[in-house]
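K.L.:
Each chain, written out:
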Amino acid sequence: MAESDQHDVTRLLKAWSGGDSKALDELFPIVYTEVRKLARSYLRRERPDHTLQPTALVNEAYMRLVDQRHVDWQNRAHFFGIAAQVMRRVLVDHARMRQADKRGSGERPVVLDEALALVAERTPDVVALDDALRALAELDPRQAQIVELRFFGGLSIEEAAEVIGLSPATVKREWSAARAWLRRELERR
Amino acid sequence: MDAGRYQRIKAILLEALDRPSRARATFVREACGGDAELRAEVESLLAHEKNDNFLEPPVFDRRAADTYVGKTFGHYRVLERLQAGGMGVVYVARDIVIGRRAALKFLRPELVGDEESRTRFIREATAIAALSHPNICTLYGVEETPDGDLFMAMQYYDGQTLKQMLAGGPLPVAACVDIARQIGQGLAVAHDAGIVHRDVKPGNILLADGVVKLLDFGIAKLADAAALTMHGMRIGTQAYMSPEQAWGRPVDHRSDIWSLGVVVYEMLSGRPPYAETPRGIANDIAPRPPSIAASRNDVPPALEAVVVHALSIEPGGRYQSIRELVAALDAVGAQARPRARIAVAPFRQSARIGEPQLADALTEAAIDGLSIAGGLVVCRGATGGTELTGTVAVRSGQVRIVARVHETPSGHVAAEWTLEGPRTALPELVADLVRRVTTHLDVRLTTDEARQLEVRARAEPTAYWAHQLGRCCLREEKESGARAAISHFESAVLAGSDAMAAVTHAAIAETSVALLELRCDDADEWGRRARAELETAARIDNAAPEVIAASAAVALRLDGSPAVAESALRHVLTLRPSDARASVRLAECLAISAKPVEAGAVAKDAAQSGCCSPGQLLRAARVLYFAQQYPDALDVLDLVVQRMPDDPVARLDLAATCAKRRDVDRAVAECDRALDAHVGRALLAAAAGNAARARGDRARYDLCWRALRRFHQEEPVPACAFDLIETSFGNTGRPIEYLEGYDDNLGVARFLGFAMVAGSLTRYVSSVGLIAYLGLDPSLEPLAQASSLRRWLAAS
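Protein chains in written order, with this note's numbering: chain A, -15 to 173; chain B, 6 to 801.
These are calculated hints, taken from the structure and not from any lab test.
Mixed in with the good hints, there may be bad ones.
Stated by the list, open to error - In silico DSSO-like links for lysine-lysine, alpha-carbon gap of 30 Å or less:
#, chain 1, residue 1, chain 2, residue 2
1, A, K21, B, K76
2, A, K156, B, K55
3, A, K156, B, K76
4, A, K21, A, K6
5, A, K(-2), B, K76
All chains should be modelled from the sequences, with the hints used to inform the complete structure.
P.N.:
This is the structure we're talking about:
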């Protein structure tokens, strides 16, 4: 990882934490690329029966992308907010591709996604959840974001509150409501 | 439903959730007023609100439910929990100063609870951290968290443990031997430092890219002490524990030998030899482990014997050092390996390039690289069977090698490769070719061999090339070639001082010894040189087969220690069973040590391998002559003169061998052919003079002297000829003492040995033809009389 990238990411992260929402658009592709790159390098070295460890993956992406000396825990929470989006994208893409593969479209999933299969299998139905989350985002974008941060990003209530700019109490209530809505939605599908 | 509607529903729902559950129904009814649809929505969502683990844990759990993850200790940032074992929990961490990954093992607090065990642990860990060996997991150090937890920071390896590998069943024999050797080499270094592992088991043996890394040195000792104090009993993995360990007796390095024996047994049979009955193991031990041969039929009996020896119940009955065990495995490995055979034909080059040595040196480089593979018999020249041929071209600095493996005489091309790269990539290209050929022939390189190949692949290109040019010069086995070779090797040493330099210094040492054999002047100078180069080579890499071989040459020729040389050569031959030079040397060693029968057998095998150079065949023939295996010696000499028809020394040897077989006509004819060469004339004259003097025939001796002087005026003769003619006069009288016992093998062998080690006499003296001409063998007398030598002498 070039030092200039690290500098960029750190700067963008601070800008985003400071309220510049455009910074997010620049950050997402950098983090997405880094996570995929790391995942590929893990996969080259590890045997197929090893699970890809998303925790280590994202932690390592963070170590590589962010200059630790210049960030506080709030910036860190923001980073993991992006990681949540990245993980959602990767998992959903993978699940969709697997479905397509089962239907015989001939499209083969890329290596990264094969390793993520194990993660995806633990999760009820990532594609259905993603669809439900999109529907929720139409009704209440904030709730959808909280779910994304909590479920795909592993953020605590406090961290999610920091990323979204709400009080932890509000996030907690919204999280409960969103869970109820999603549970019902998934049962209906 | 639209967003506005959802916000209304959500507002009521959230308010309801803030209330105790029994108050919710009433609240919702009131809040929704008469809007039945709204109420139905809220109630349905309320019904789906459960305090369960829906959407939890998240797919990506940063905290991983662990107190250490995400924290920083010293300069280590803990990334993730890897695994938990008996001794503690292992995490992946990143060294935030250096940026590399590391594995942190947090020791279970009860293992290091008291100050004494902490101190002892830190002291041992420091000793282990000081060990540097490819088969020992690198320990960065021991550190402490602010809470007082102790952890070891170690190198992080991608790989799997032997335990994981064995879950798939037993391993192939070659893999078992290779892994066992590596474990043994790691343990040997630890034992040298006084450290006993105490817990050698598959779970503590990691394999990263085929390289063994031993983990957890000495932790078992802590666990032992802790368990003893806590429960008065031992913990650990019973199945791998030595009997003395299980009995609670004092434990030394031989306990690790037992455990390694168990590990090898398990690799071969799929399970350890003794059941994991706690405590009972010691009582259950049978005098011998259950036979491995019962579970599979491809285990060489010699390998099973090694395992059984390691598994002797009394430590005194086992191998006494891990190196002994490794040597035994080496010997088994050398026998067990199937051999493929390849003949390397001279590479050709495209006519355009004005660099005549390129193809030659490339051929040498290919032979040099392929010879690393102990499982491969490599022959020089188009000798039939499976052959490697190739062409090389250079265009604007780019080298292009086209190599193919084909079968002769059928001409079937089994494989063809094109390798291209810049001139500087030649070492890598050759290594690549070697890998392709060995893979094609299904010859597996051991870890050590792969390392030797890697040393060449990464060698400084100029040095590498100079080394191969030097090897080219040695092919002729002439003094001038040897001198030219040394000067190439010297350039190589100047150009690069990497690991390849050990091989080059060893080559200088060997060549110096060869020069010492070829000449009788400058002997002291070459001797000093050989010793100095060997010393340098050994400092760089004393395990390289070339270095061990050079040490044998020095031991034999300079130190006069055939026993030392013999043991070194046997070691070389376990690593490279088809090394013709080492085989021939070993035969000479055995001859000098008065073991003519074994010497003859080794010489015959070497000659029949088809891999000997003419010079090596000549030496093998002499050993056979002294072993009185004349028909075999004759067969070998015929091979020599096919390849070097005009070599006077070979002709003289032939003459003597034919005379021994009472084939006087051919003996005389061979002498005549020897006389065609200046050297042959000089040596024959010297030998005849020597013989005459020994018989007291002064006139004939003077005649011979005059002839020799005349030959010398025409063209300088080897100085040893003058030595030879004088030898019987007591100037250096000892050869005669040895020759007095000529009719028994012992005396001949001693003379040969003396001739080889006594600096003033050279290989010409050890030439059987000359010994025959010393006239001490009555059966050779007609030969001396009938030879046209008389004409030459008369003409003087």
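K.L.:
If a hint holds in the structure, say so; if it doesn't, say that too.
P.N.:
Going down the list of hints, with the structure as the test:
no. : hint              : verdict
1   : K21(A) / K76(B)   : holds (25 Å)
2   : K156(A) / K55(B)  : holds (14 Å)
3   : K156(A) / K76(B)  : holds (26 Å)
4   : K21(A) / K6(A)    : holds (24 Å)
5   : K(-2)(A) / K76(B) : holds (22 Å)
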